[in-house]
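Colleague: Here the protein sequences line up with chains H and S, keeping their order. According to my numbering, the residues represented by the first sequence are 1 to 367, in order. According to my numbering, the residues represented by the second sequence are 1 to 79, in order.
No lab work stands behind these hints: they were computed from the structure. Glycine is no exception: its CB is placed at the ideal position from the N, C-alpha and C atoms. Heads up, a few of these hints could be off.
[Unchecked claim] Each pair of labels, with its calculated beta carbon distance range:
id, chain 1, residue 1, chain 2, residue 2, range
1, H, D213, S, E44, 37 to 43 Å
2, H, Q54, S, A78, 52 to 58 Å
3, S, D7, H, S47, 48 to 54 Å
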Amino acid sequence: MGGTIAANLIAKECGDRAHVTVADATGIHVYQPGFLYVAIGQEHAGSLQRAEAQLLRKDITLLVDRAVRVDPQTKNVSFESGRSLAYDQLLLATGSRTMIDEVPGGAGAHDFYSMVGAERLFQALTAFQGGTIVIGVAGIPYKCPPAPVEFVFLLDDYLRSRGIREKSQIKLLSPLNRAFTIEATSKLVQPILAERDIELTGFFNVESVDPIDRTVTSMEGETVGYDLLVLVPPHRGQKVIEDSGLGDERGWVPTDKNTLKHTKFADIWAIGDTTNIPISKSGSVAHYEATVAAAEISAVVRGEAAPQHLYDGKVMCFLETGHGEATTIRFDYDHPPVSPSPARRWHWAKLLFNKTYWHTVPQGRLP
Amino acid sequence: MSSITVDKSIDARGMACPGPLMNLIGAIRQGQVGQVFEVLSSDEGSKTDIPAWVAKAKHEMVEVRPDAGFVHFIVRKAR
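This is chain S alone, in the form it adopts within the complex (with noise of 0.2 Å):
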């Protein structure tokens, strides 16, 4: 179990790419800068496309963490 307290959770599974992360990218546009937002996304897409906006965007990544038949990416909006 991960002690991060996350501010919105976004349960993006069964989503096809790229949804997960336009819904990651929205709330980040909506969200305080450090809040911490979470995508659950089962989208295999997601394992390259969300890193690579989080760093594009210079957010941070706080953890990916594998679930069963998805993945929890947790994500805190750094500026």
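Next comes chain H alone, as it looks inside the complex (with noise of 0.2 Å):
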């Protein structure tokens, strides 16, 4: 999504003293928000597709193609295909990729983090007669922090429409001593949960599975049985990133939290999942920084100073907590989460957006 909005802002403010190539693996834009709500049956994987060509301006250049290596000192992508690509400015916008793999027994989990996960888990859903479903989370940090506690508000709600949420128990394993990352939020949220009867463990950091007694275990030494698991599986940065020698351990880009250029090399940008910035990965961190590198990729272009603006932090989130409301979180670098009382026109808020996507994201028309 952020290489989008960016490819689409720079085309229009270069105009023809830029040529931009957007190059990406499969030509198709995925709207990765939706996958919660497939995952409960309220969305299906049509609505949530589109062509990549179909966002982006006409004078820009799609190559559907994956790319393997960046070598920074030639300036030059290598693709799949065996082409190559030089380039003056590069924006990395490749995203996390998620490894369940790297937990042992881990493999059969549901999850909601890709649109056959999200799938595959409705169908276990619907399957479902009764019992204990576990949400826990495997490794941090994932995308969009807030996904779990909205998870377990969708599924109670879900269960309930179905009559069996009495004949089951929901439980929510955190990695932290509370809901999820951001204190002020988890304050508002946690005693719905508790109305809910949604059983909150803090400190619950998933290590792994057994998927033969039904069980999970925490790194800090807890073991929990379910009857249906969902994860949320470790992250890492792309493979390109780490064959490439661009990244850190797990393959996240080394990345200025203001300007968004890479740390060490030279006319490398990154944006969104793909830095290390300690910030949500999430879509609107992503769109954010995307308008933040457009701009300045713009005035390098122009051969003009780098204008002041500069990523501030900002964060803005919907947070469903279901029976038809949700909240928001709002933050930056320098002033702390604020989240108001949850309210329906939130929820419908977070739908409006869900619809409008496609006429307004991509193409770099929310500021």
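Got two chains here, separate frames each, mind docking them using the hints?
Modeller: Okay, structure coming up:
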């Protein structure tokens, strides 16, 4: 997403002074925040995907090929097909990948971090007739920190709608000693978890799964049984980042938190999940960072001094709290997170954002 | 000055809570039993979060040492 926004903004800003190429492995643009809704049967795959070409300005070249190596010395990108492409400025918006195989016994766990995973999870929920559903986190950082909390609230609604909530237990295993990363929002949602009879266990960092005994064990030494297990898989940066020596030990790109430039290599920028910036890996971060990176790169292309438009750590996320309500989370580097009381309007705002996404966000029409 | 040999130091100064703790958990997840990890944190929340997690996870809190505007948390992976 971030790459699409930035490409459109750079092409618009620079006109014929720049030739913008977007290299994408599949040519399909996927709206990942929708996976959560696929997992509980409120959304389907078709509405979450578009051809990338439809979302790019016509003066942008789309290269459907998987980047396999970046050489920052010769300023060249190599692709799976064997072709290569030289660059003057390179924006890395390669995102993250999930690594469930890093969790011993975890391969059979469900997840909502891919389309396939979300569809498979909904099939399992459809067949579920009661028992214990456990939701755990098998590695940090991970995409969309509020997602496990949102999922348990939506799951509670789903099980109630089927009339099997009383035969079911929902257990949320959090890696921290609260519902999720942000303390203020955790204080807001924890009473709602208790009210909905969703059991929260803190400091439970999933280490391994025993799929025979149906238990999950934490780094902290606790073991919990399950009938249906949903895991947030471990995340790491893309292979091309690691293979090119551009990232740290987990493949995250060392990035200046304000300028979004690679801290070691000139003319390389990074946004979104790709970076090592200690901030939420979320769509909103990628969105706001894309506008900053696009302005900076456009200024370089035009030969101007870099604009004073630095990334200020702005994050804005919705958080579903079930029963048709949601809240929001807003913060930046200098202002702590603020969340209003859950209300229906935030739920509808999130759904409206999801529906209008295709006509606003990729084109850079939202600031 | 501390005489403890640190295997990996994480400079989490400037990171908001729970960044320093998350980094420590990630490092211990990847590390070996017996290795010593140091986290430098300027976040107030770390003063309670990090010792609480180390106790829960049954690792060893080797040292908590205040410095100029930040704290050194030194932890040995015990199991």
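Colleague: Now, for every hint given, state plainly whether the structure supports it.
Modeller: Now the hints, each set against the structure:
Between D213(H) and E44(S) the Cβ separation comes to about 41 Å, which falls inside the hinted range of 37 to 43 Å. In this structure the supplied range 52 to 58 Å holds for Q54(H) paired with A78(S), their Cβ-Cβ distance being about 55 Å. In this structure the hint that D7(S) and S47(H) lie 48 to 54 Å apart at CB holds, the actual value being about 49 Å.
The structure fails none of the hints (numbered hints given earlier).
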